[in-house]
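Number of protein chains: 2
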Amino acid sequence: MPDAPLNGGTTRVALIGFGTVGRAVAKILCESTDKSLRLTHICNRNVEKKKQPWVPANVIWTDDVQSVLGSHVDIVIELIGGLNPAEQIVRSALQAGKSVVTANKQLIARHGTDLLQLAAKQGCHLEFGASVAGGVPVLPAFRTGLCGDRLHGIAGILNGTCNYILSRIENARIPFSEALEEAQARGYAEADASEDLDGGDARAKLAILALAGLHARVAPESVRARSIRTVDAVDFDYAAELGCTLRQISRADLKGDTLFADVGPCLVPTDSPFGRVQRNLNLVVTSGQYGGDMAFLGAGAGGDPTAVAVVSDLKFVAEAIGAGAGKREVPSNVSAPAISSDFETPWYLRFFVRDRPGIVARLAQIIAAHHLNIDSLLQKPGFDKSSLPFVITLEPCRDAMLHPALEEMAILDFSIRPVLSLPILRQS
Amino acid sequence: MPDAPLNGGTTRVALIGFGTVGRAVAKILCESTDKSLRLTHICNRNVEKKKQPWVPANVIWTDDVQSVLGSHVDIVIELIGGLNPAEQIVRSALQAGKSVVTANKQLIARHGTDLLQLAAKQGCHLEFGASVAGGVPVLPAFRTGLCGDRLHGIAGILNGTCNYILSRIENARIPFSEALEEAQARGYAEADASEDLDGGDARAKLAILALAGLHARVAPESVRARSIRTVDAVDFDYAAELGCTLRQISRADLKGDTLFADVGPCLVPTDSPFGRVQRNLNLVVTSGQYGGDMAFLGAGAGGDPTAVAVVSDLKFVAEAIGAGAGKREVPSNVSAPAISSDFETPWYLRFFVRDRPGIVARLAQIIAAHHLNIDSLLQKPGFDKSSLPFVITLEPCRDAMLHPALEEMAILDFSIRPVLSLPILRQS
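If you read the sequences in order, they're chains A and B.
Residue numbers are given in this note's numbering: position 119 of the first sequence equals residue 119, and the series is strictly consecutive.
Residue numbers are given in this note's numbering: position 425 of the second sequence equals residue 425, and the series is strictly consecutive.
What the hints contain is simulated information worked out from the structure, not anything from laboratory work.
Idealized CB from N, CA, C, for every residue including glycine.
Do not rely on the hints blindly, as some may be mistaken.
Said to hold, decoys possible - What the simulated footprint calls covered on chain A by chain B, stretch by stretch (three residues with Cβ under 8 angstroms from a Cβ of chain B suffice, anywhere in the stretch; the number is not a length):
| id | stretch |
| --- | --- |
| 1 | 58-70 |
| 2 | 314-322 |
| 3 | 379-392 |
| 4 | 414-422 |
Claimed, not checked - Each computed DSSO-like pair below joins lysine-lysine, with the alpha-carbon atoms no more than 30 angstroms apart:
| id | chain 1 | residue 1 | chain 2 | residue 2 |
| --- | --- | --- | --- | --- |
| 5 | B | Lys315 | B | Lys50 |
| 6 | B | Lys49 | B | Lys27 |
| 7 | A | Lys27 | A | Lys51 |
| 8 | A | Lys35 | A | Lys315 |
| 9 | B | Lys315 | A | Lys255 |
| 10 | A | Lys49 | A | Lys27 |
| 11 | A | Lys27 | B | Lys121 |
| 12 | B | Lys27 | B | Lys51 |
| 13 | B | Lys315 | B | Lys35 |
| 14 | B | Lys35 | A | Lys315 |
| 15 | B | Lys35 | A | Lys255 |
| 16 | A | Lys35 | B | Lys50 |
| 17 | B | Lys315 | A | Lys315 |
| 18 | A | Lys49 | A | Lys35 |
| 19 | A | Lys51 | A | Lys380 |
| 20 | B | Lys49 | B | Lys315 |
| 21 | B | Lys35 | B | Lys51 |
| 22 | B | Lys51 | A | Lys315 |
| 23 | A | Lys315 | A | Lys121 |
| 24 | B | Lys35 | B | Lys50 |
| 25 | B | Lys27 | A | Lys315 |
| 26 | A | Lys255 | B | Lys27 |
| 27 | A | Lys49 | A | Lys255 |
| 28 | B | Lys51 | B | Lys255 |
| 29 | A | Lys35 | A | Lys51 |
| 30 | A | Lys35 | B | Lys315 |
| 31 | B | Lys27 | A | Lys121 |
| 32 | A | Lys121 | B | Lys315 |
| 33 | A | Lys35 | B | Lys255 |
| 34 | A | Lys50 | A | Lys35 |
| 35 | A | Lys50 | A | Lys255 |
As the list claims (entries may be wrong) - Here are some, though not all, of the chain B residues that point toward chain A, as calculated from beta-carbon distances under 10 angstroms:
| id | residue |
| --- | --- |
| 36 | Gly129 |
| 37 | Gly153 |
| 38 | Ala323 |
This is chain A alone, in the form it adopts within the complex:
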């Protein structure tokens, strides 16, 4: 009779969503010697096809979410992903007085503040440590080891697909399209990888990090996302001349009432923590007023690492429930800063031109007219004159200063591709 209340000390857990992460979570729970957590329900569509022999016989398999929410479970693990029906399930669970653990980044990025308030009102817990950077324990650090600091900045490599592709181009100098196909073949990228490549995935994660770490409410859409599709293998050659490589970086800096935020490809020093991240690993660097910079590196995706984050949250919530800590307070210190992408930074401008005399002079003229300063001009030999890549780097200036100059450059008739402008991150 799994639906009857159990004896004290045991927390009943229902799993909704039995994909890769769900199976890994169930496996950890079933293999654990800790009997204080008891898996009571596994809920999924076509559940008959999902059954696993290693799941104890007293676990209820069902495709009926309502029966789970109406049962005596204490904690619901939501691993369906996406907004619909996940949002409604999480709201219903909280309204039914059940705590929720989720790995759903879209849900938390969009509705995190509301859902946290609902959870607090209901005396429940809502944890989402697995929603960013998989198993890398940065979100839990915000409520434990870093909570004594006052954080003002977060920067990270948050999308494993982009990092796989960029580090492949870096190491093999293959074209972007080939690196993407390889990532798809190896299961590191979906058939439609737009969310990853164009920054949608990373900015949802950045919004969650900003909420949990900087106490700043940020709509994901308000963060500028630049695609990595514009990056060419030749950019790694020119970046190397500058001691740099390219990575998709997500960053948020809180300065007064403004949150400076950006997601997209950046130049980073090759020997920096960011420059060294290979394959599909994730790295998050937090900057605090007292503790300085802390870096967290690990597997940002995959069933098992993500499941560790889910089970860790589960244990935290179970312990809090066990301790009678139902009176979690409504987060009161969440601000709603203005969002800006107007970072002051040095810039890398890469041109592809049909070569002819006077091109550099014309570009230098535009740059000077906008009161920008050229730091270096790089042109490697050996390229076809009809499609010649070269680079101008600029001394630090605000994005808003650069933008009008880029607009003038966009209409020059010798350009055969749009100008690629990338921030150069000298720090970290």
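Start from chain A and add chain B according to the hints.
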């Protein structure tokens, strides 16, 4: 009347020990807008000389520990360090029903299990997140983001003094003695730096990490500690030939009922996370059954970063007390494994000899007689024949296999310094 019970929601905190870290903790508490923590006492010898204008007037300054323990404080922060009188103060505080936050690595390394049991018996909390790696939030991760995993290995750069010295020799090829003097001049090493250089400090930290992360009770003295004093600038030249550099590495691997543990200089790949740690930073890498490897990097010492760890623990304990979570359970899953330093690893053997014919043949003979396999022989040109350094690397073998061979080598008359044998860590 600071000694009268306060209204609910405020946790009273006493600070015992007002050195660098104590001042930084007080500063964070006094600058915080969070009024749920209230500093009520600061206790130190010669307290009159310690008073600071930025501390609120209602904080009691005292040199009388007993008056603090007899007051209504909820949490005692012990920042005296050392075993005596810190141990007695912590025991007395717990016996008086007060929770304790401490940064005291010697105390926790030696008495952690006992003190945790005492705390549990008294319904109190004992946290020590600042006792290892300063502000790097690895200990808190064991109770949050990593608690869903089953960890089997921990390795780290845990001593900033050693890392400062080794990375200075690496970068400037200065003699060990010069690097040490520089570290002392800059405040990175004490006048008597034996605890740091000879591994005593790091193995105390390793014992704490093993307790909190691997649930293994380890007496610090039972862990082999090798000194970094034997490292010479020339070792960095030879290590570079192998793609490696040298770092003081502390590692613990749980295999069945045995904990393999070692502290001391090792060769690590230059482009590995360990090889890249510069200056006095700390790095901890945890290895879990499900989540794989996670790396934590940051400032391992210094007043402010360490204070972040203390204040983070303080907030955790205050929240637990506020939630009525007094019934913390006695840690029941702590094992007492056998401790061994008998790792199987490739080895780096460095000789300083008075050159003459037949030396390599003699060494090769000893190595073969012990069934060990030479992987490479390195001899760089340009050294004085009367004090010639050269290197033999061995294929992986257990420490116990190597040891008798080293004993035979120790008595060879052409050696003018003891043979230096260092593990080569190829992983991570």
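If you draw a straight line from the CA of Lys35 of chain A to the CA of Lys315 of chain B, is it 30 angstroms or shorter? Holds, because 29 angstroms separates the two Cα atoms, which is no more than 30 angstroms.
Checking hints one by one. Is Ala323 of chain B an interface residue toward chain A, by the C-beta closer than 10 angstroms rule? 3 angstroms, holds
Lys27 of chain B and Lys121 of chain A: Cα distance at most 30 angstroms? 34 angstroms, violated
Hint consistency between Lys35 of chain B and Lys255 of chain A [alpha-carbon to alpha-carbon, up to 30 angstroms]: Distance ~23 angstroms between Lys35 of chain B and Lys255 of chain A Cα, so the pair holds.
Verify this for me: three or more residues of the stretch 379-392 of chain A with a beta carbon less than 8 angstroms from a beta carbon of chain B. violated (count 0)
Given hint Gly153 of chain B near chain A, where the shortest CB pair must fall under 10 angstroms: Violated - the Cβ of Gly153 of chain B stays beyond 10 angstroms from chain A, reaching only about 14 angstroms at its closest.
Holds or violated: Lys315 of chain B to Lys35 of chain B, with C-alpha atoms at most 30 angstroms apart: Within the cut-off at roughly 11 angstroms; holds.
Can you confirm whether the C-alpha distance between Lys27 of chain B and Lys51 of chain B stays at or below 30 angstroms? 12 angstroms, holds
Supplied contact hint for Gly129 of chain B, tested at 10 angstroms Cβ to chain A: 6 angstroms, holds
Sort out whether Lys255 of chain A lies within 30 angstroms of Lys50 of chain A, counting only the CA atoms. This hinted pair is violated, its Cα atoms lying about 49 angstroms apart.
Pairwise hint evaluation, Lys35 of chain A against Lys50 of chain A, where the allowed Cα distance is 30 angstroms at most: Measuring from Cα to Cα gives roughly 24 angstroms; hence the hint holds.
Within 30 angstroms, alpha carbon to alpha carbon, are Lys27 of chain A and Lys51 of chain A? Roughly 12 angstroms between the alpha carbons, so the hint for Lys27 of chain A and Lys51 of chain A holds.
Violated hints for the displayed structure, listed by number in ascending order: 1, 3, 4, 11, 16, 19, 22, 25, 27, 28, 31, 35, 37.
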